[in-house]
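> If you want the building blocks of each chain, they are given just below.
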Amino acid sequence: MATLLIPTPLRKFTENQAQFNSNGTSVKEVIDDLILSHAGLKPHLLDADGNIRSFVRIYVKDEDIQVLQKEHTKVEEDTLISIIPAIAGGSY
Amino acid sequence: MFEIEITAASNEGMSAHAVGTFPNECCGFFFGTSKNDRKLVTEIRPVLNVKKGDQRRKFSIDPFDYMKAEKYAHENQLELLGIYHSHPLHPANPSEHDLKQAMPFFSYIILSTQPQLVINITSWQLNENRDFIREELKISEPTNKYL
Numbered sequence: 001m002a003t004l005l006i007p008t009p010l011r012k013f014t015e016n017q018a019q020f021n022s023n024g025t026s027v028k029e030v031i032d033d034l035i036l037s038h039a040g041l042k043p044h045l046l047d048a049d050g051n052i053r054s055f056v057r058i059y060v061k062d063e064d065i066q067v068l069q070k071e072h073t074k075v076e077e078d079t080l081i082s083i084i085p086a087i088a089g090g091s092y
Numbered sequence: 001m002f003e004i005e006i007t008a009a010s011n012e013g014m015s016a017h018a019v020g021t022f023p024n025e026c027c028g029f030f031f032g033t034s035k036n037d038r039k040l041v042t043e044i045r046p047v048l049n050v051k052k053g054d055q056r057r058k059f060s061i062d063p064f065d066y067m068k069a070e071k072y073a074h075e076n077q078l079e080l081l082g083i084y085h086s087h088p089l090h091p092a093n094p095s096e097h098d099l100k101q102a103m104p105f106f107s108y109i110i111l112s113t114q115p116q117l118v119i120n121i122t123s124w125q126l127n128e129n130r131d132f133i134r135e136e137l138k139i140s141e142p143t144n145k146y147l
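If you're matching them up, the sequences are chains D and U in order. Using the working numbering, count along the first sequence one by one with no gaps and you end on 92. Using the working numbering, count along the second sequence one by one with no gaps and you end on 147.
Quick caveat, the hints were computed from the structure, so don't treat them as lab data. Because the structure is a prediction, the values reported are computed rather than measured. Among these hints, one or two may not hold up.
[Claimed, not checked] Which residues of chain D face chain U? A partial, calculated answer using Cβ under 8 Å:
1) 12
2) 16
3) 38
4) 39
5) 80
6) 86
7) 90
[Stated by the list, open to error] Computed Cβ-Cβ distance ranges for the label pairs, DEER-style:
8) U:100 <-> D:3: 27 to 35 Å
9) U:48 <-> D:36: 36 to 44 Å
10) D:67 <-> U:76: 37 to 45 Å
11) U:54 <-> D:16: 34 to 42 Å
12) U:48 <-> D:16: 25 to 33 Å
13) U:1 <-> D:23: 18 to 26 Å
14) U:16 <-> D:47: 34 to 42 Å
15) U:114 <-> D:37: 31 to 39 Å
16) U:134 <-> D:67: 33 to 41 Å
[As the list claims (entries may be wrong)] To be clear about the criterion: a stretch of chain D counts as covered by chain U if any three or more of its residues have a C-beta under 8 Å from a C-beta of chain U, and this derived list gives those stretches:
17) 1-10
18) 53-59
Note that CB positions come from ideal geometry on N, CA and C, so glycine has one too.
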């Protein structure tokens with residue numbers, strides 16, 4: 001099973017669980033599986049078109065899926081996936 | 001009502017970071033404990049502002065620094081409670097840009113800075129409607145009286 005690491009700010013939607021295990025074989029399948037189990041996460045992970053929000057980054061091991069096959073990136077049983085909020089801001 | 005209590009040492013660390021990076025924005029993480037709508041900040045971890053271009057009005061944190069912050073919290077039995085950053089020569093109010101990127105649960109501490117001086121510090125958290133609510137902020141020594 002692939003393991004997904006849930007960032008602290010989203011754990012209120014996973015009953016405080018920091019990890020989620022899934023049999024999904026791609027990033028998209030794992031994310032869909034996660035949302036199926038924890039529906040409250042949906043607006044924080046997906047935009048209105050069902051795509052991963054631009055302010056959320058997904059890393060497979062140490063690589064951003066944007067430089068891999070995006071949400072179609074394949075995952076295996078021992079793959080570690082991280083959800084990382086894009087942290088940015090400023091006075092304007 | 002959201003409440004956040006910051007130890008004097010953590011406040012001094014954030015302030016020194018904000019003054020040290022002036023006129024650019026600084027940024028970092030803070031850690032501690034939480035219960036219901038109350039947080040107690042006991043540690044900070046400054047990180048580099050990696051925003052490309054003008055850093056006087058914008059900041060960005062490297063995703064790997066975020067991963068390290070989560071790992072640090074886990075290894076030290078702490079909670080990652082939020083992000084701090086400075087607004088040089090600008091009020092300690094969140095911008096539209098701050099709001100767009102904000103996540104639930106996290107507190108967002110903003111330090112308004114002048115040369116050599118932090119003139120105001122505020123903290124904000126999203127409510128259920130994704131509006132920023134100003135937290136009641138207190139600077140003190142750790143007491144654990146809430147937690």
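> Decide, hint by hint, whether the structure agrees.
We went through each hint and held it up to the structure:
1. For residue 12 of chain D, the shortest C-beta to C-beta distance to chain U is roughly 6 Å, which falls under 8 Å, so the interface hint holds.
2. At its closest, the beta carbon of residue 16 of chain D sits 10 Å from a beta carbon of chain U; the interface hint therefore is violated under the 8 Å criterion.
3. Interface hint at residue 38 of chain D: violated, since its Cβ lies 13 Å from the closest Cβ of chain U, which is beyond the 8 Å cut-off.
4. The interface hint given for residue 39 of chain D is broken, as the beta carbon of that residue sits about 15 Å from the closest beta carbon of chain U, more than 8 Å.
5. Contact between residue 80 of chain D and chain U, as hinted, is not supported at the beta carbon level, the nearest pair being about 11 Å apart and thus beyond 8 Å.
6. Annotation: residue 86 of chain D was flagged as interfacial toward chain U, and the flag holds, the nearest CB pair being 6 Å apart, inside 8 Å.
7. With a cut of 8 Å, the hint placing residue 90 of chain D at the interface with chain U holds, because the nearest CB-to-CB distance is about 4 Å.
8. Checking the proposed 27 to 35 Å range against residue 100 of chain U and residue 3 of chain D shows it holds: the Cβ atoms sit about 29 Å from each other.
9. Residue 48 of chain U and residue 36 of chain D have their C-beta atoms about 38 Å apart, which keeps the hinted 36 to 44 Å range intact.
10. About 31 Å separates the C-beta atoms of residue 67 of chain D and residue 76 of chain U, a value inconsistent with the hinted range of 37 to 45 Å.
11. The supplied range of 34 to 42 Å is met by residue 54 of chain U and residue 16 of chain D, whose beta-carbon atoms lie about 39 Å from each other.
12. At roughly 30 Å, the beta-carbon separation of residue 48 of chain U and residue 16 of chain D lies within the given 25 to 33 Å, and the hint holds.
13. A hinted range of 18 to 26 Å is violated for the C-beta pair residue 1 of chain U and residue 23 of chain D, which are about 43 Å apart.
14. Checked against the hint of 34 to 42 Å, the pair residue 16 of chain U and residue 47 of chain D passes, with Cβ atoms roughly 39 Å apart.
15. Between residue 114 of chain U and residue 37 of chain D the CB atoms are about 49 Å apart, so this pair departs from the stated range of 31 to 39 Å.
16. Against the hinted window of 33 to 41 Å, the Cβ-Cβ separation of residue 134 of chain U and residue 67 of chain D comes to about 39 Å, which satisfies the hint.
17. Coverage of the segment 1-10 of chain D by chain U holds. Counting CB-CB distances below 8 Å, 5 residues qualify, and the rule asks for three or more.
18. For the segment 53-59 of chain D, the stated coverage by chain U holds: 3 residues have a C-beta nearer than 8 Å to a C-beta of that chain, and at least 3 were required.
Consistency note: the structure conflicts with the earlier hints numbered 2, 3, 4, 5, 10, 13, 15.
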